[in-house]
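So the chains spell out like this:
Number of protein chains: 2
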Amino acid sequence: MAKYRLMSPGPTPVPEKVLLRMADTMIHHRTPRFRAVLKGVHEKLKKIFQTENPVFVFTSSGTGAMEASVTGILSKSDKALVIRGGKFGERFGEICDAYGIETVDHEVAWGEPADLSAIEKLLADNPGIKAVYSTLCETSTGVANDIQGIARLVSATDAVLVVDAISGLCADDMRTDEWGIDVVAGGSQKGVMLPPGLAFLSLSRKARELAETSDLPGYYFDLKAALKSYGKDDTPWTPAVSLIMGLDSVLDMILEEGMDKVLARHARLADATRAAVKALGLELFSKRPSNAVTSVKVPGNVDGLALVKKMRDEQGVVIAGGQGGLKGRMFRIAHLGYMDEYDTIVAIAALEIVLKQLGSGLEFGTGVAKAEELLS
Amino acid sequence: MAKYRLMSPGPTPVPEKVLLRMADTMIHHRTPRFRAVLKGVHEKLKKIFQTENPVFVFTSSGTGAMEASVTGILSKSDKALVIRGGKFGERFGEICDAYGIETVDHEVAWGEPADLSAIEKLLADNPGIKAVYSTLCETSTGVANDIQGIARLVSATDAVLVVDAISGLCADDMRTDEWGIDVVAGGSQKGVMLPPGLAFLSLSRKARELAETSDLPGYYFDLKAALKSYGKDDTPWTPAVSLIMGLDSVLDMILEEGMDKVLARHARLADATRAAVKALGLELFSKRPSNAVTSVKVPGNVDGLALVKKMRDEQGVVIAGGQGGLKGRMFRIAHLGYMDEYDTIVAIAALEIVLKQLGSGLEFGTGVAKAEELLS
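Residue numbers (the working numbering), protein chains in the order written: chain A, 1 to 376; chain B, 1 to 376.
Honestly, I wouldn't trust all of these hints.
Stated by the list, open to error - In the DSS-like style, the derived pairs of lysine-lysine whose C-alpha atoms are separated by at most 25 Å in a straight line are:
1. K327/B <-> K232/A
2. K87/A <-> K232/B
3. K327/A <-> K224/B
4. K44/B <-> K327/A
5. K310/A <-> K39/B
6. K224/B <-> K87/A
7. K76/B <-> K224/A
8. K310/B <-> K327/B
9. K39/A <-> K224/B
10. K17/B <-> K3/A
11. K76/A <-> K76/B
12. K44/B <-> K261/B
13. K228/A <-> K87/B
14. K87/B <-> K224/A
Source of the hints: derived by calculation from the structure; they are not laboratory data.
Just chain A, with the same shape it has in the complex (with noise of 0.2 Å):
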């Protein structure tokens, strides 16, 4: 018997009775049955996303949401701003390139968040920009950027706003339309507490307006072919219908929880793991961390690759290592969607266990303790 518990930013827990929901009859997709369960979806993703706008589901990766809104928003001869600072932010920036999209980078060290007054300085210098690719989380370093801030710069240009909310959303307050974001996109497979395999994106009319002359290439992920099937209550291709099943009864558990507690209880998980962490004496890693993922430097006497390999192959716990330049040097703890206060414990408890056997000095039970002050 080894029980698997995963706590990595996504893929996150599926909650049984959706994973049950899933494992139904198959049925047809092109059939009343079907699209009514779609219509609920788009109604209810309206919700999560806290916004009036469309928002289309992909089957595919949330990579491919983010490709709709480089390859669907964008022009050929468009600039477009990139707020790097990450993998994901990162990815924005290759796929512009992909598409030969002249791009205009704010540079973001590892760990720290966006910075308004470079971003306010770049648009001002760059008048041309047509769209400006931002991240909620940025899950390879912990990092919640100023979302609302951003968007505030963005809102007195001609540009439209761009958020990767794919690991954020549901753990940190995105509020679409109040702050004026145009495009976000959005995974089944961390706060939406599904299996990988679906991405949303939601569109203002501004970036539909955009979507219509769009001249950049693209098929399957065409936002004119979504938008047409959007308001039938369809999708361009076969969608995966069993995740969309799925997709149905986890938003139903979202939406009634409320979106008001769920964000509260994504805080309340990152607030006990911060302070955990903290109490073991270690650093975190983020300088404004995201209540989806606590990143944590690993400390200079332990071997970093061997804390996240002992945590997941010896205590079942699965976390996620750095990435890129980080490995080694950095873990990450999710407290990200299907995940509760005992989650978080089992996290810190593991990763005290796993310390100490690599050398620490620690008191056992010092974080644990510490977590559950928090979370009482």
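Given chain A, put chain B in place with the hints provided.
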């Protein structure tokens, strides 16, 4: 109690044990445990595709793999021969158009198979053709093309042959390496007996060489990234983990039955379906019928839309109608994937009941008797 019987050419029913495998605990994809599953899937897919070449798994519907077979293989000034003759042949043309690829078209009347002598002439008249896009089973018409014959013609040129085998895979024989097919696209929700959400693409050495030099833009479906990850039993983006777990199980089921027996089962069910509808006085739509789906002309005195709707809403037997210009004039009964002899008998029985309700003068049991005769 209303039983739901899916007899459409995709999605198709999913075996219960596979549904339960997909309902197992979610695991992380960047782990030895997942990579071991993916490695097994890669090896088993080769057997299904009858090739020694790599077969990639994409998280998308089949259309994504079709797009990858254009954007990942061709370069900007390349010319392609597209074999039309149905909705899916035309889709290849649309994808080429979306990326500015000049096409030479072999126009085929819907219901007819591709004409080998016309293809031979087009290849001779257009020596610069880089790729030929063809369809194994054209789902919209129920036609199985002579891929072996087409492959012989294409092998005599410098072009690569791309086959959309999305609905034909496991139903219509396709010997990828033996016949010299360079690129084969597949999908999960047809003969592979899974929910929709995965697409497959096999690439010969020649196709992989083209992929390395292709200069059409792309990101999510980029074959260079796919090739790089494949070598490490990994995927460039987060894959649909639960569907890949299911894929591992269905591939075992298919290989335990044996590809020869799987193909023979499809042939037997297809034979019985064709004979039964003929015994009912109906006419086949396809001039070269596929073993995945039987397309039947709606008799002049019958309302074709009502037929499909009554089958679905009153009998619980979900078949497909005609697409595009064939709406109301044709219906399609699948014998594809997790379907057996008694599923076929049920489909014919329901068809008899509904045809009678719609005013046909048939005698109950005529079609079923023929099916029993052939299946017994």
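Status of each hint after checking the structure:
no.: 1; hint: K327/B <-> K232/A; result: holds (18 Å)
no.: 2; hint: K87/A <-> K232/B; result: holds (20 Å)
no.: 3; hint: K327/A <-> K224/B; result: holds (24 Å)
no.: 4; hint: K44/B <-> K327/A; result: violated (33 Å)
no.: 5; hint: K310/A <-> K39/B; result: holds (23 Å)
no.: 6; hint: K224/B <-> K87/A; result: holds (19 Å)
no.: 7; hint: K76/B <-> K224/A; result: holds (23 Å)
no.: 8; hint: K310/B <-> K327/B; result: holds (15 Å)
no.: 9; hint: K39/A <-> K224/B; result: violated (37 Å)
no.: 10; hint: K17/B <-> K3/A; result: holds (22 Å)
no.: 11; hint: K76/A <-> K76/B; result: holds (16 Å)
no.: 12; hint: K44/B <-> K261/B; result: holds (16 Å)
no.: 13; hint: K228/A <-> K87/B; result: holds (18 Å)
no.: 14; hint: K87/B <-> K224/A; result: holds (19 Å)
Of the numbered hints stated above, those contradicted by the structure are hints 4, 9, listed in ascending order.
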